[in-house]
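Number of protein chains: 2
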Amino acid sequence: MIIDKDTLGRYESRYRARLINSLAGVRQAMLIGTRSKAGVSNLAIFNSLIHLGANPPLWGFICRPDTVQRDTLTNILETNQYTINYVVTADYEKAHQTSAKYDKGVSEFDACGFTEYNHVDIDAPFVAEAPVKVAMKLEQKVDIAINNTILIIGSIQHIEMDDAMISSDGFVGLDHVDALACAGLDAYYETRLINRLTYANTNQWPEKLT
Amino acid sequence: MIIDKDTLGRYESRYRARLINSLAGVRQAMLIGTRSKAGVSNLAIFNSLIHLGANPPLWGFICRPDTVQRDTLTNILETNQYTINYVVTADYEKAHQTSAKYDKGVSEFDACGFTEYNHVDIDAPFVAEAPVKVAMKLEQKVDIAINNTILIIGSIQHIEMDDAMISSDGFVGLDHVDALACAGLDAYYETRLINRLTYANTNQWPEKLT
Chain P
0 MIIDKDTLGR YESRYRARLI NSLAGVRQAM LIGTRSKAGV SNLAIFNSLI
50 HLGANPPLWG FICRPDTVQR DTLTNILETN QYTINYVVTA DYEKAHQTSA
100 KYDKGVSEFD ACGFTEYNHV DIDAPFVAEA PVKVAMKLEQ KVDIAINNTI
150 LIIGSIQHIE MDDAMISSDG FVGLDHVDAL ACAGLDAYYE TRLINRLTYA
200 NTNQWPEKLT
Chain L
0 MIIDKDTLGR YESRYRARLI NSLAGVRQAM LIGTRSKAGV SNLAIFNSLI
50 HLGANPPLWG FICRPDTVQR DTLTNILETN QYTINYVVTA DYEKAHQTSA
100 KYDKGVSEFD ACGFTEYNHV DIDAPFVAEA PVKVAMKLEQ KVDIAINNTI
150 LIIGSIQHIE MDDAMISSDG FVGLDHVDAL ACAGLDAYYE TRLINRLTYA
200 NTNQWPEKLT
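These protein sequences, in sequence, are chains P and L.
Sequential numbering of the first sequence, starting at 0, is according to numbering that gives the first Met the number 0.
Sequential numbering of the second sequence, starting at 0, is according to numbering that gives the first Met the number 0.
If we strip away everything but chain P, and leave its shape as in the complex, we get (with noise of 0.2 angstroms):
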């Protein structure tokens, strides 16, 4: 079938959203962790990570002002610092009752079974559970004119993972660990390492590494 620009503007908006959103594909699922200036703990699920660039090592994701992801945003904005942990596909129920619209008051850590964990340099909470913990500092926020939302970029500043994860070329096999991912706003996904392949030449197909 084809649908045009037209026939999608008809469409119902959350038939529309999820269309449009679940089509855009697979990605990680992960958690945020955050402190506000109160010292409330706030944990919200995201899947728009970004890789920007390794040196300096950058991350984006996207936030969207007006859904529960506020918290999150407000908490990075005032204190600068966030986590990002990863969940295992055992965790995906937990993972997903993040999104709910807790009071600002309610840590959703608490109130969605996972252990908080803090590191004494660090002024936001870990998921203790999380097989890959990843702190980060805000470098920059661009906001996004053209539908509000906004686009938070930040420097990674600290990984905690097993050894075992990193091959010895510096890859990090996810699915090592049943890291889950998710599409859309209600889908999660397993993932399987088909190969990787040799450096692409226009002389040669690739190989398989393994």
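If you're looking for bench data, these hints aren't it; they were derived computationally from the structure.
Any given hint might turn out to be false.
When chains are identical, the list treats them as one kind, so a pair holds in a single copy or across two.
[Said to hold, decoys possible] Heads up, simulated EDC-like pairs for lysine to aspartate or glutamate below, C-alpha to C-alpha not over 20 angstroms straight-line:
#	residue 1	residue 2
1	K4	D161
2	K103	E115
3	K136	D5
4	K4	D122
5	K207	E92
6	K103	D122
Once you've looked at the hints, dock chain L against the given chain P.
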């Protein structure tokens, strides 16, 4: 293990790049099709698609001007049009091959074994083999000054896919067509749906939709 910022900074540059890019997780793989003013078709693999919003339907992706992907960027800025084409897992080696640095006069469709498919209203080539084909119009180019990357924002003009992929509520299950995912620059993944969950409320845990 803990990797702090100073340790990251001391890593050999390709090791660090592989670590940080692969750690950012699994994303949908897609081939972006463009055409130069001289009429040469171009096809390049990307994995940084970002859902920005559904009304208007906007997606973004990240471009690094210093890589092979510059032909894609040049063509988009000249013609304002591009196509996004999903890849079936069986074609992962062909998709990876599009990342080789072919001369500007070479079409990656021919060099890598994909079939060009054109639509009368769209001045950018589709991949005939793609289970999902989306035509995009350039809306905005956002320069990310902090590391000279570029966020290309486009609006969805036209979608081609099998009706059976769309659930009654609008959800698109890309695993139904074995759509390829990837991590970093060389690792290819397949995905499997665990479940979809109902909207999260604070007073009730989510239920499984299937």
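Q. Honestly, which of those hints from before does the structure not fit?
A. Per hint list: zero violations.
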